[in-house]
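Undergrad: Put together the whole structure using the sequences plus the hints.
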Amino acid sequence: MSTKAFQRTYTRLQAITKATVSLDAKGVSNDELASVGGRLAQVVKTSGDRVTLQVFAGTEGIPTNAEVSFFGAPPTLKVSDQLAGRFFNAYGDPIDGGPEVEGEEREAGGPSVNPYKRRQPSELIPTGIAGIDLNNTLVSGQKIPFFADPDQPYNQVMADVALRADVDKIILGGMGLTNDDYLFFRHEFESAGALDRIVSFVNTTEEPPVERLLIPDMALTAAEYFAVDKNEKVLVLLTDMTLYADALSIVSNRMDQIPSKDSMPGSLYSDLAKIYEKAVQLPDGGSITIIAVTTLNDGDITHAIPDNTGYITEGQLFLRADTDTGTVIVDPFRSLSRLKQLVQGKKTREDHSQVMNAGVRLYADAQNAKTKLQNGFDLSDYDLRCLDYAKDYARELLSIDVNITINEMLDTAWRLFAKYFTPAETGIKQALVDKYWKG
Amino acid sequence: MATTGTVTGIVSNLVTVKVDGPVGENELCHINLGGTMLLAEVIKVTGDKASVQVFETTRGLRNGDTVTFLGRMLEASLGPGLLSGIYDGLQNDLTTMEGVFLKRGEYTDPLNHEKLWDFTPLASPQDTVKAGDWLGEVMEGWLPHKIMVPFSFSGEYKVKSVAAAGSYNIDTVVATLTDAEGIDHDVTMVQKWPVKVAVRGYKEKPRPTKLMETGVRIIDTFNPIAEGGTGFIPGPFGCGKTVLQHAIAKQGEADIVVMAACGERANEVVEIFTEYPELVDPHTGRKLMERTVIICNTSNMPVAAREASVYTAMTICEYYRAMGYRCLLLADSTSRWAQALREMSNRMEELPGQDAFPVDLSAIISNFYSRAGQVILNNGKTGAVTFIGTVSPAGGNLKEPVTESTKKAARCFYALEQNRADQKRYPAVNPVESYSKYLEYPEIQQYLESTIERGWVAKVLEAKNYVRRGKEMAEQINILGDDGVPMSYHEAFWKSELIDFAFLQQDAFDAIDAVCPIERQKFMLDLILGICARDFRFDDYEKCREYFKEMINILRQMNYSPFESQAFESYLNSLNKHLSDHVN
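Sequence lines, in order, name chains A and B.
FYI, the working numbering numbers position 247 of the first sequence as 247, with every residue one higher than the one before it.
FYI, the working numbering numbers position 88 of the second sequence as 88, with every residue one higher than the one before it.
No lab work stands behind these hints: they were computed from the structure.
Nothing here was measured: the structure is a model prediction, and the numbers come from that model.
Don't take each hint at face value.
[Stated by the list, open to error] Each pair of labels, with its calculated beta carbon distance range:
no., chain 1, residue 1, chain 2, residue 2, range
1, A, Asp284, B, Asp360, 44 to 52 Å
2, A, Gly326, B, Asp360, 53 to 61 Å
3, B, Met348, A, Lys370, 50 to 58 Å
4, A, Lys391, B, Gln476, 23 to 31 Å
5, A, Asn407, B, Glu349, 56 to 64 Å
[Stated by the list, open to error] Computed cross-link-like contacts, DSS-like style, restricted to lysine-lysine with a CA-CA straight-line distance of at most 27 Å:
no., chain 1, residue 1, chain 2, residue 2
6, B, Lys459, B, Lys471
7, A, Lys429, B, Lys424
8, A, Lys26, B, Lys44
9, A, Lys45, B, Lys103
10, A, Lys26, B, Lys49
11, B, Lys543, A, Lys438
12, B, Lys543, A, Lys372
[To be verified] Stretch by stretch, here's where chain B covers chain A in the computed footprint (C-beta under 8 Å, at least three residues):
no., segment
13, 113-121
14, 379-387
Quick reminder that beta carbons are idealized off the backbone N, C-alpha and C, glycines included.
TA: In structure tokens, the structure reads:
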């Protein structure tokens with residue numbers, strides 16, 4: 001962020017909290033950037049001459065006579081093809097030792113796409129993971145988070161998905177990444193030889209939490225450049241949105257706002273929606289697909305962050321450890337892709353949706369049988385078959401280690417049905433049973 | 001001289017304005033941001049300070065920027081050409097906007113002022129008329145669109161003149177009315193109405209008397225909604241709220257459907273305007289889009305306009321109701337609207353109520369629901385606005401302010417349940433917790449008995465009872481084990497499963513099963529109750545389970561087959577064979 005000749009400078013702060021400072025200043029515009037004692041800040045409130053700024057790097061060590069200068073513009077990012085292959089911090093400054101990016105300066109967090117100009121998402125994004133492709137098929141233009149406890153390998157799964165997906169650009173927005181995870185992503189991208197189609201904006205745990213608030217806007221501004229200007233298929237990875245929301249609550253708390261559920265700001269829904277709704281299928285072929293991570297506390301999806309997220313996103317992919325098979329699976333009950341019916345049976349085989357439903361229903365029966373078993377009751381023959389089926393189903397289809405085509409997934413499911421059940425027990429339409437049953 | 005002012009404070013989209021003259025509550029104003037006019041609404045006045053909520057992002061706004069007050073509230077433009085429209089929450093036409101991105105301060109007219117409509121007069125000079133009376137009509141596609149005495153006219157008027165039959169644009173004066181003082185008033189085809197005020201202009205609002213068929217079995221049979229009735233669908237995310245609402249929108253027996261996408265996903269709106277022009281209304285054979293109006297304020301669009309969107313949608317419904325049509329309003333989701341109220345209340349530093357919502361939330365919600373209803377117009381014809389809202393309770397917990405407030409206001413309750421959704425039992429409406437108060441209305445009971453069959457209500461209650469008993473039995477079986485309970489428990493449990501799988505569950509994505517007309521619902525209910533009335537007396541619960549599973553499978557195949565088709569009949573035969581094969 002360079003300084004400009006005509007900027008106004010002030011040196012008297014009236015109030016300082018851990019994340020904000022207030023001072024008297026004139027002619028300040030809402031959302032504009034400023035420098036407070038050399039740190040980047042943004043106007044969040046004005047009342048008369050009193051201006052409140054959120055200081056991204058935190059206010060530690062800021063004295064009341066710190067120099068404040070206003071830039072007169074909201075956050076921007078220089079966009080061009082030079083972004084590809086580069087790593088940036090939350091402010092859009094290079095952190096890979098490379099040169100500054102030349103390009104058009106674009107406002108970050110800009111306007112929304114007119115809903116009428118959107119197109120219905122219809123392109124399948126295959127990932128090879130049956131828990132996703134078979135049960136929760138992804139579609140370009142979709143927004144979907146992984147819900148996972150912190151001990152789940154969500155970043156690895158996300159990297160796998162990104163590298164297998166057939167997209168033109170991958171944009172990584174890392175918020176509160178541990179240095180290890182940051183290096184992991186870097187290594188994965190480099191070793192896949194995919195660096196030239198990846199742009200990364202990274203805020204690590206070593207950096208101040210409030211800086212994270214800039215990451216999604218930066219990542220999505222870059223994404224919009226490639227999707228809108230270049231008509232490219234862009235996949236945006238945002239990890240970890242829980243840490244983003246935590247940063248929101250810090251700022252709102254310092255501004256004395258009344259918290260709503262789980263001490264989150266009342267505007268959490270709108271704040272998250274503004275980010276996720278950038279996912280879009282554009283009329284000229286470009287698209288932005290967002291895959292995010294929302295870490296959970298002990299699987300609790302009723303917490304305000306996953307709860308609001310679930311209402312915004314088009315489904316969620318729920319990772320959990322399966323004790324029966326000892327693998328991490330995509331939970332078929334809690335996971336959902338809301339756009340799956342746009343491609344299932346249309347871009348995939350006709351039996352897709354019925355096979356998916358039957359597979360999950362039988363897996364549910366197995367869970368009931370398991371409860372019965374745990375309560376010490378005798379199991380029926382059907383219960384026992386369900387339990388055996390569930391083990392195979394988890395190992396061969398739900399596990400995140402699976403990497404096969406969708407037709408192979410469907411064939412596997414039919415094989416398991418035939419191995420353990422009668423056609424009537426699966427409840428699948430007769431016409432499909434006649435055609436695909438592997439009896 | 002219009003009141004003006006200057007901006008003195010900004011927090012997000014709440015702006016404080018110092019004013020130099022009178023301002024009204026809910027009055028609109030324009031804030032001049034470097035030549036771009038941002039629309040805003042007054043929500044509070046203290047001395048010479050007005051708090052206004054801006055319907056756009058306030059990025060770049062400065063203290064000292066000028067404000068002009070407009071002397072009117074937020075109004076809807078009502079006239080021919082609304083049908084098939086796609087509007088934002090402030091009724092800007094989204095289809096006529098330039099560019100891929102929404103531009104701040106770009107406001108487009110909801111109606112086409114050039115287009116000519118074929119006008120036919122309905123009133124004659126010397127007629128005495130009141131607000132809402134029909135003066136003429138134009139054909140809006142398939143729909144005879146009445147040109148009415150504007151709702152804002154109070155008292156009685158005499159018709160001085162009415163335009164002759166001919167083609168006019170909406171701004172043409174089509175009638176001149178003389179009021180009691182002898183002053184003439186010109187009437188065009190377009191009128192404005194403040195969206196937050198309920199439209200009157202009807203004689204009375206009786207209790208609902210008819211069923212509004214949706215083709216969804218768990219609604220029509222189990223918890224029917226009345227024409228002019230109210231209902232709501234609360235449920236955690238991922239339980240099929242949107243799918244159920246879209247099913248009602250596609251299949252609901254209404255002349256006009258207004259969908260208010262309030263703070264929800266843009267892709268859901270895209271689905272509507274992509275698919276509706278192709279999909280056929282099962283009741284009329286016309287394209288669905290021809291009866292649909294979309295009001296769309298998706299979650300990334302400005303928060304303040306979210307609140308406006310539901311009011312705009314309701315006003316459009318009330319307008320068509322005054323022409324004698326049956327309108328269906330679907331709002332997804334009223335929780336987002338409540339959250340918009342919460343955000344503003346929060347920024348104004350009002351003392352919060354429960355969960356930081358404003359304390360008058362309950363009053364606002366019930367006031368809105370009360371605008372639905374069946375009405376008798378001045379000319380004796382009837383019209384109706386049926387309203388179904390969805391609620392997105394935080395954490396799926398129904399004990400939260402929006403759900404509780406809505407429960408007091410709405411007459412039908414369709415509780416979506418996580419557990420049912422997990423088991424893919426869709427629609428995931430809990431058959432025991434959900435209710436329709438209309439089932440207790442003598443008028444509705446009489447209607448059902450006379451249009452479906454005598455004794456229908458008793459049958460529905462009987463079916464509900466089987467489901468309730470089955471649930472109790474399931475709990476007993478879970479506690480005591482399969483062997484620990486009498487065989488009759490298993491039989492009762494499986495009868496409820498039979499009703500659940502073969503009747504309550506419905507595949508919204510199957511072309512045949514998605515829509516189940518009431519005659520077919522009656523047939524299936526009779527068939528299933530007939531099975532439930534039997535005393536099977538199995539000697540082994542394993543056999544009971546297998547026997548019922550087989551029946552469920554046959555009944556589901558019937559649901560997937562066209563009604564009374566060959567396939568349907570052959571499944572019916574195998575069901576009967578299956579039943580006669582069983583010996584006690």
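Undergrad: State for each hint whether it applies.
TA: Results for each hint:
{"no.": "1", "hint": "A:Asp284 with B:Asp360: 44 to 52 Å", "in the structure": "holds, 46 Å"}
{"no.": "2", "hint": "A:Gly326 with B:Asp360: 53 to 61 Å", "in the structure": "holds, 54 Å"}
{"no.": "3", "hint": "B:Met348 with A:Lys370: 50 to 58 Å", "in the structure": "holds, 52 Å"}
{"no.": "4", "hint": "A:Lys391 with B:Gln476: 23 to 31 Å", "in the structure": "holds, 30 Å"}
{"no.": "5", "hint": "A:Asn407 with B:Glu349: 56 to 64 Å", "in the structure": "holds, 59 Å"}
{"no.": "6", "hint": "B:Lys459 with B:Lys471", "in the structure": "holds, 19 Å"}
{"no.": "7", "hint": "A:Lys429 with B:Lys424", "in the structure": "holds, 16 Å"}
{"no.": "8", "hint": "A:Lys26 with B:Lys44", "in the structure": "holds, 25 Å"}
{"no.": "9", "hint": "A:Lys45 with B:Lys103", "in the structure": "holds, 23 Å"}
{"no.": "10", "hint": "A:Lys26 with B:Lys49", "in the structure": "holds, 19 Å"}
{"no.": "11", "hint": "B:Lys543 with A:Lys438", "in the structure": "holds, 26 Å"}
{"no.": "12", "hint": "B:Lys543 with A:Lys372", "in the structure": "holds, 18 Å"}
{"no.": "13", "hint": "113-121", "in the structure": "holds (count 9)"}
{"no.": "14", "hint": "379-387", "in the structure": "holds (count 3)"}
Checked against the numbered hints given earlier, this structure breaks none of them.
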